[in-house]
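K.L.:
As a plain string of letters, each chain reads:
Protein chains: 2
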Amino acid sequence: MTTTGELELRVLDRIDKARRRKAKITDERVTLAHGAGGKASQTLTDAVFLEAFRNPLLEPLSDQAVFGIGNARLAFSTDSYVVRPLFFPGGDIGDLAVNGTVNDLAMAGARPLYLSAGFILEEGFPLESLTRVVASMARAANAAGVQIVTGDTKVVERGKADGCYLNTAGIGVIEHPFALTADAVKPGDAVLISGPIGEHGVTVMLARGELDIDSDLCSDTAPLHGIVADLLTAVDGVRCLRDATRGGVATIVNEIARAADVAVVFDERAIPMRAEVRGAAELLGIDPLYLACEGRFVAFVEGAQADAALASLRAHPLGTGAAIIGRVVADPPGLVLLKTEFGGTRIVDVLIGDPLPRIC
Amino acid sequence: MTTTGELELRVLDRIDKARRRKAKITDERVTLAHGAGGKASQTLTDAVFLEAFRNPLLEPLSDQAVFGIGNARLAFSTDSYVVRPLFFPGGDIGDLAVNGTVNDLAMAGARPLYLSAGFILEEGFPLESLTRVVASMARAANAAGVQIVTGDTKVVERGKADGCYLNTAGIGVIEHPFALTADAVKPGDAVLISGPIGEHGVTVMLARGELDIDSDLCSDTAPLHGIVADLLTAVDGVRCLRDATRGGVATIVNEIARAADVAVVFDERAIPMRAEVRGAAELLGIDPLYLACEGRFVAFVEGAQADAALASLRAHPLGTGAAIIGRVVADPPGLVLLKTEFGGTRIVDVLIGDPLPRIC
Numbered sequence: 001m002t003t004t005g006e007l008e009l010r011v012l013d014r015i016d017k018a019r020r021r022k023a024k025i026t027d028e029r030v031t032l033a034h035g036a037g038g039k040a041s042q043t044l045t046d047a048v049f050l051e052a053f054r055n056p057l058l059e060p061l062s063d064q065a066v067f068g069i070g071n072a073r074l075a076f077s078t079d080s081y082v083v084r085p086l087f088f089p090g091g092d093i094g095d096l097a098v099n100g101t102v103n104d105l106a107m108a109g110a111r112p113l114y115l116s117a118g119f120i121l122e123e124g125f126p127l128e129s130l131t132r133v134v135a136s137m138a139r140a141a142n143a144a145g146v147q148i149v150t151g152d153t154k155v156v157e158r159g160k161a162d163g164c165y166l167n168t169a170g171i172g173v174i175e176h177p178f179a180l181t182a183d184a185v186k187p188g189d190a191v192l193i194s195g196p197i198g199e200h201g202v203t204v205m206l207a208r209g210e211l212d213i214d215s216d217l218c219s220d221t222a223p224l225h226g227i228v229a230d231l232l233t234a235v236d237g238v239r240c241l242r243d244a245t246r247g248g249v250a251t252i253v254n255e256i257a258r259a260a261d262v263a264v265v266f267d268e269r270a271i272p273m274r275a276e277v278r279g280a281a282e283l284l285g286i287d288p289l290y291l292a293c294e295g296r297f298v299a300f301v302e303g304a305q306a307d308a309a310l311a312s313l314r315a316h317p318l319g320t321g322a323a324i325i326g327r328v329v330a331d332p333p334g335l336v337l338l339k340t341e342f343g344g345t346r347i348v349d350v351l352i353g354d355p356l357p358r359i360c
Numbered sequence: 001m002t003t004t005g006e007l008e009l010r011v012l013d014r015i016d017k018a019r020r021r022k023a024k025i026t027d028e029r030v031t032l033a034h035g036a037g038g039k040a041s042q043t044l045t046d047a048v049f050l051e052a053f054r055n056p057l058l059e060p061l062s063d064q065a066v067f068g069i070g071n072a073r074l075a076f077s078t079d080s081y082v083v084r085p086l087f088f089p090g091g092d093i094g095d096l097a098v099n100g101t102v103n104d105l106a107m108a109g110a111r112p113l114y115l116s117a118g119f120i121l122e123e124g125f126p127l128e129s130l131t132r133v134v135a136s137m138a139r140a141a142n143a144a145g146v147q148i149v150t151g152d153t154k155v156v157e158r159g160k161a162d163g164c165y166l167n168t169a170g171i172g173v174i175e176h177p178f179a180l181t182a183d184a185v186k187p188g189d190a191v192l193i194s195g196p197i198g199e200h201g202v203t204v205m206l207a208r209g210e211l212d213i214d215s216d217l218c219s220d221t222a223p224l225h226g227i228v229a230d231l232l233t234a235v236d237g238v239r240c241l242r243d244a245t246r247g248g249v250a251t252i253v254n255e256i257a258r259a260a261d262v263a264v265v266f267d268e269r270a271i272p273m274r275a276e277v278r279g280a281a282e283l284l285g286i287d288p289l290y291l292a293c294e295g296r297f298v299a300f301v302e303g304a305q306a307d308a309a310l311a312s313l314r315a316h317p318l319g320t321g322a323a324i325i326g327r328v329v330a331d332p333p334g335l336v337l338l339k340t341e342f343g344g345t346r347i348v349d350v351l352i353g354d355p356l357p358r359i360c
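Top line first, the protein sequences correspond to chains X and Y. Under UniProt numbering, the first sequence has 308 at position 308, and the numbering climbs by one with no breaks. Under UniProt numbering, the second sequence has 237 at position 237, and the numbering climbs by one with no breaks.
Treat the hints with care, since some could be wrong.
Note that identical chains are pooled: a pair holds if it fits in a single copy or bridges any two copies.
Derived SDA-like pairs: lysine to any residue, alpha-carbon spacing no greater than 20 Å straight-line [stated by the list, open to error]:
(1) Lys186 with Ala304
(2) Lys160 with Glu210
(3) Lys39 with Gly334
(4) Lys24 with Arg258
(5) Lys160 with Glu276
Derived by calculation from the structure, the hints in this document are not laboratory data.
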């Protein structure tokens with residue numbers, strides 16, 4: 001007779017073995033899932049990009065590379081933006097592209113300094129829309145205290161793009177002594193989130209008009225380096241930070257659990273979420289843990305400093321909705337578990353497929 | 001009665017006034033010319049990007065920004081690549097994207113260190129093609145001594161891109177004391193080119209199969225930081241370097257003439273060009289001075305050091321075809337003139353329109 005416990009162990013063993021296999025890509029063609037930030041993206045990154053480019057700075061596969069030049073410790077990051085629609089409540093592709101790269105730098109604890117901007121425009125794109133995007137970038141850069149110092153524009157024929165795609169890369173300087181890396185996370189650490197989840201994902205989805213829902217939801221897009229700097233000043237036990245963009249909280253916490261070889265247990269009741277987000281996620285049939293945020297980050301902090309970290313986050317205007325949402329334990333290594341509102345426990349895997357393409 | 005001389009002066013005066021007007025964009029929609037690197041690109045950059053982002057690092061509108069962090073002097077640059085076809089004799093979008101950003105850094109005299117890579121893929125793009133592009137990037141990075149340390153992949157629906165678009169940004173360190181800027185160029189300087197012009201532009205054009213020409217031409221895509229480092233070691237009178245990409249030699253030299261408020265006089269007979277390039281350009285009805293190179297640069301050097309600079313260029317494998325192609329004079333400021341093979345002189349303006357869209 002097989003007990004439930006034994007069955008669970010076997011399942012975990014199978015998951016573990018599958019994960020340790022060398023990444024191999026079996027698809028013959030690129031699918032939307034390869035850009036969704038979840039399992040297919042990870043396989044593509046491991047099997048194609050890491051395999052070809054392998055070097056010690058790339059290998060951690062963080063959202064930014066960290067290196068020294070002269071006496072400066074720098075962070076360097078890039079993201080392309082293909083969000084549809086270009087304009088949505090609370091933001092547009094312009095401030096998203098500035099804040100997104102600012103945040104990738106901020107997650108290394110860097111002070112963002114300089115951004116590049118690379119536009120790929122479709123022939124026929126209205127100049128008025130481009131001017132709006134650019135004005136929004138300028139406002140966001142100004143608000144974040146960064147300068148856009150270099151750029152490039154390409155134009156492709158009508159039908160070979162979708163209005164406007166935008167890449168930003170950024171450089172920041174790291175001025176504190178902490179190394180914020182996924183493998184620093186340890187059993188006993190607390191897991192915090194800086195605010196309610198899923199607002200960006202649901203807002204963009206609703207802006208497409210495919211669901212007939214009226215809502216006053218706005219994207220949470222915001223620059224996070226200020227709240228991060230406050231946190232790093234307030235507590236010295238911050239292990240790792242990650243903004244919860246594509247793939248949502250579930251995916252990024254899975255990545256960290258695997259990198260650190262620990263388990264993370266979420267407390268479902270503790271995860272902050274607006275009622276509109278919960279409702280829309282239910283209608284869309286999407287677990288809110290996979291919804292993208294563009295102004296929220298997850299912090300792994302030494303357990304004893306969890307309350308101090310929470311107080312620091314809540315003291316910042318972008319962190320008033322912060323919460324402690326889980327803890328790090330030793331077993332089962334590499335897995336994320338959710339203690340549900342109803343008292344059960346389920347495994348939370350990385351995002352599979354792409355329920356919400358072109359969210360950023 | 002109006003003499004020819006008076007007429008010419010009036011024309012020059014009108015050109016001059018037009019140029020000094022505040023950039024204003026009259027188009028309502030983006031056209032292919034806005035991405036061609038010529039006049040429309042300049043207007044877009046001035047009227048939209050510079051107007052919104054204005055800061056002292058962006059203002060020179062060079063191919064890279066130069067700034068200090070800590071005790072290091074750094075260069076930072078970005079370019080997106082939309083070349084069609086993705087694979088062509090002598091290269092592909094992968095090595096083009098690596099060499100292109102390496103060269104933008106090299107033109108500031110920087111030693112390129114780290115690159116980012118941002119992919120925008122079309123759903124359905126063959127994984128085999130992506131793997132080829134990535135392998136080519138890895139080889140080019142290896143050859144140039146740079147590391148690809150951070151990246152991002154987005155996927156858009158079928159019909160919303162054209163296979164694969166690619167952005168690279170790069171960081172380099174400047175280890176010499178020279179400031180290479182357009183406004184350092186002075187009357188008396190010599191103008192050199194590192195090799196024959198137009199091979200990339202014609203190769204990509206022929207690879208589209210729209211002209212029924214057989215040719216063994218290859219793209220000249222190559223990393224230029226090595227030949228630049230040798231030049232900066234050999235002579236201390238280098239004023240300004242610019243690689244002759246979109247818009248060709250004519251456009252970049254015009255930009256420098258305007259920035260430095262000097263005139264440049266080309267000697268048509270001295271401009272190195274393969275017979276196949278000359279022939280294809282004639283068939284296409286394009287002045288070869290507007291054809292893109294991806295492994296050639298123009299150097300402005302103090303006149304007395306022209307021969308030493310030429311010898312340095314020719315001593316490098318990428319500079320065997322180098323030549324002195326012109327000189328800087330005081331008048332008429334901001335203009336580029338060509339002394340033709342037939343003894344006449346004509347004005348060479350920046351590129352107008354886009355005769356060869358998606359060349360890089």
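K.L.:
Is it within, between, both, or neither for Lys24 and Arg258, if the alpha carbons may be no more than 20 Å apart?
P.N.:
Close inside one copy (18 Å), not across copies (53 Å); limit 20 Å.
K.L.:
Go through the copies and call it for Lys186 and Ala304: within, between, both or neither, with a Cα cutoff of 20 Å.
P.N.:
within (12 Å within a copy, 65 Å between copies)
K.L.:
Have a look at Lys39 and Gly334 and pick one of within, between, both or neither, based on CA distance no larger than 20 Å.
P.N.:
Within one copy only: 14 Å inside, 55 Å across.
K.L.:
For Lys160 vs Glu210, is the C-alpha pair at or below 20 Å within one copy, between two copies, both, or neither?
P.N.:
The answer is between: 19 Å across copies meets 20 Å, while 24 Å in one copy does not.
K.L.:
At most 20 Å between C-alpha atoms: does Lys160 with Glu276 qualify within a copy, between copies, both, or neither?
P.N.:
For Lys160 and Glu276, the Cα distance exceeds 20 Å both inside one copy (36 Å) and across copies (31 Å).
In terms of the numbered hints stated before, the structure departs from hint 5 and from no other.
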